[in-house]
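Engineer: Work out the full structure: start from the sequences and follow the hints.
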Amino acid sequence: MSNSQLPESMPFNFKIGGRKWTKPAILTGLVVIIALLPVFLSSAYIWHIIILTFIYIIVTVSLRTIIISGQFPLGHAAFMGIGAYLAGMASKWLDLPPWVTIPSAALITAGIGMLLGFPFARLRALYYAMGSLFFGIGVLQVIYALGEVTGGYSGLVGIKPLFVGSKLPYYYFFLGLTLASIIALYRFEFSRIGTTLKAIAQSHVVASSVGINEGWYRILAVGVGCFFVGLAGAGYAHYNLVLSSSSFNFMATLWLVMYVLIGGINSFAGPIIGTIILIIIPEFFRDLKMYAPFVNAAILGIVVYLMPQGLVSLPQMVRSWLTKCQNTKKVRHAS
Amino acid sequence: MLLEINGLTKFFGGLAAVQQLDMYINEGELTGLIGPNGAGKTTIFNLITGIYRPTRGKVTFAGKNIVGKKPHEIARLGVGRTFQLNPLFGNFTVLQNVSTSFHLYPRSSLLDIYFNTASYRRNEAYISEQSLEILKLVRLDKVKDELAKNLPHGYQKMLGIARALAIKPKLLLLDEPIAGMNPSEIEFTITAIKKMQQQGITILLVEHNMRILDLCERVIVIDFGQKIAEGLPKDVRGNKEVIRAYFGGERVA
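Respectively, the protein sequence lines represent chains A and B. According to numbering that gives the first Met the number 0, the first sequence is numbered sequentially starting from 0. According to numbering that gives the first Met the number 0, the second sequence is numbered sequentially starting from 0.
Hints may be right or wrong, so weigh each one.
[Claimed, not checked] Dumping the calculated DSS-like pairs for lysine-lysine here, alpha-carbon to alpha-carbon at most 25 Å:
(1) A:Lys197 <-> B:Lys143
(2) B:Lys148 <-> A:Lys197
(3) A:Lys197 <-> B:Lys233
(4) B:Lys143 <-> A:Lys19
(5) B:Lys226 <-> A:Lys197
(6) B:Lys57 <-> A:Lys197
(7) B:Lys193 <-> A:Lys197
The hints are simulated quantities; they were obtained by calculation from the structure and are not laboratory data. A quick note: this is a predicted structure, and the numbers were derived from the prediction, not measured.
Structural biologist: Below, the structure written as structure tokens:
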């Protein structure tokens, strides 16, 4: 009965003008540190890894936006592929500048997602997952079938870069893009619409009994999710300059799902943390070559076994473990 | 007449759950719907609210034919309902349960939300104020920050009613509102139902408890999906058909 009076006494809580500033202060600090990282780490390879992490954070956070509405898509990487290929092809064949291709690719991806949402809004749970899985496979087949414009099996080359030369401008571009996307999706999730989506996920029968148009809200969630994944894909196309269909296949989707699950599916920060951990840690184990995925498997095993709520529950686990230790000490002293 | 049902029939496969049902509900009336287990009471609710589509028949609400409309469209017309097994948004707080259900009135656009405009904040403030008002009516305002799934059963039932009230219904369908409640909760619920009726809400309820049925102005008895009796509670109680349906024969009665 006392859920509402939980941890008020965290170590760094401070108030100014009646508002709590702990979280905003920590987050601003983190952003400043990330923005200053290239000054200390002047290796193009490390920048590359961090830029990829930025891109995939947008992808996983937007995936979770769809998941909170009770839909579990298994074709999210394919939507990233749609955004990437649209931007890439527009850049290569139509010679459009990145400032046009990136937003328009995102919008078209959102449009495709929403159109697909109409038939898919009738599917639930496993059937939805299977439908989206087949859609994802279909997207790859379209890429192969239109080999003359998409490059087919050998990949799409000849995309114009966003910035010429150094990777540093990319670093700040994607930092800004990721921050903007995270803020937009955060506002979306904790708004009236996000709450409505969570309500639909909990019980669509109750939701429609109070007048919530379930189908439309599910389509909206897919639209918003696909807009941001299309944005990430288009940005990726103009950064990587080479697109290979294998980056957007079913395995790629499974990786995204794993990022979300390991970080914690019930928390907004979950996919961000999961993506960071699962992209950066395996980089330390590159020498293992073909055995490197075992590292990820081990992380997944440990997290699922010890922290079913994902990595975001780690601080809370540590805290409750500490209080447990203190309590047993007290008991021992008392006896 | 607020609600009129003509020749309503629903088949599940070969089984007729509701057969040639005619009934009506007058505006402002408190009507009871009773019948033995499996008589089709909840099916009738689901047919009215659009969860099931009738095989045959007509349902007219406030002069409009509502057959074939989706559940959310019927809710928007002003038909609120609670559920027998009382599903709630369990992972939401009590206040969130009601404010989510306040979905119909003030609207905010996506841009309002992204930029946290004044109109969005005004709408949200209005909604939480109104939700609190409703919670006060059902005396749940003290537990407004609890998770709905942690509430005791009686409170959850009341929360179900509060949620249905949030759409400002003209017609409220209550599916066994006091089942599983303790005596003081029953007392309170009955007062709340009376109060809602005084505020002009038409109520149709399914119930087995005689305390609540005695409040009804009219009782409709159904068995095997067909209406077998209708009238004042005390008349219905003596009806032979009703006794046969509940107890199996005159001899027992």
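Engineer: Indicate, hint by hint, whether the structure satisfies it.
Structural biologist: The hints, checked one at a time:
1. Our distance criterion of 25 Å between C-alpha atoms is met by A:Lys197 and B:Lys143, whose separation comes to about 18 Å.
2. Distance check on the hinted pair: B:Lys148 and A:Lys197 sit about 15 Å apart at the alpha-carbon level, within 25 Å; holds.
3. Restraint check: the Cα-Cα separation between A:Lys197 and B:Lys233 comes to about 46 Å, which exceeds 25 Å; the hinted pair is violated.
4. A C-alpha spacing of about 22 Å is found between B:Lys143 and A:Lys19, which places the hinted pair at or below 25 Å, so the restraint holds.
5. Taking the CA atoms of B:Lys226 and A:Lys197, the gap is near 40 Å; set against the 25 Å cutoff, the hint is violated.
6. Taking the CA atoms of B:Lys57 and A:Lys197, the gap is near 34 Å; set against the 25 Å cutoff, the hint is violated.
7. Taken as a hint, the B:Lys193 and A:Lys197 pair is broken in the structure, with Cα atoms around 33 Å apart against an allowance of 25 Å.
Of the numbered hints given earlier, the model fails hints 3, 5, 6 and 7; all others are met.
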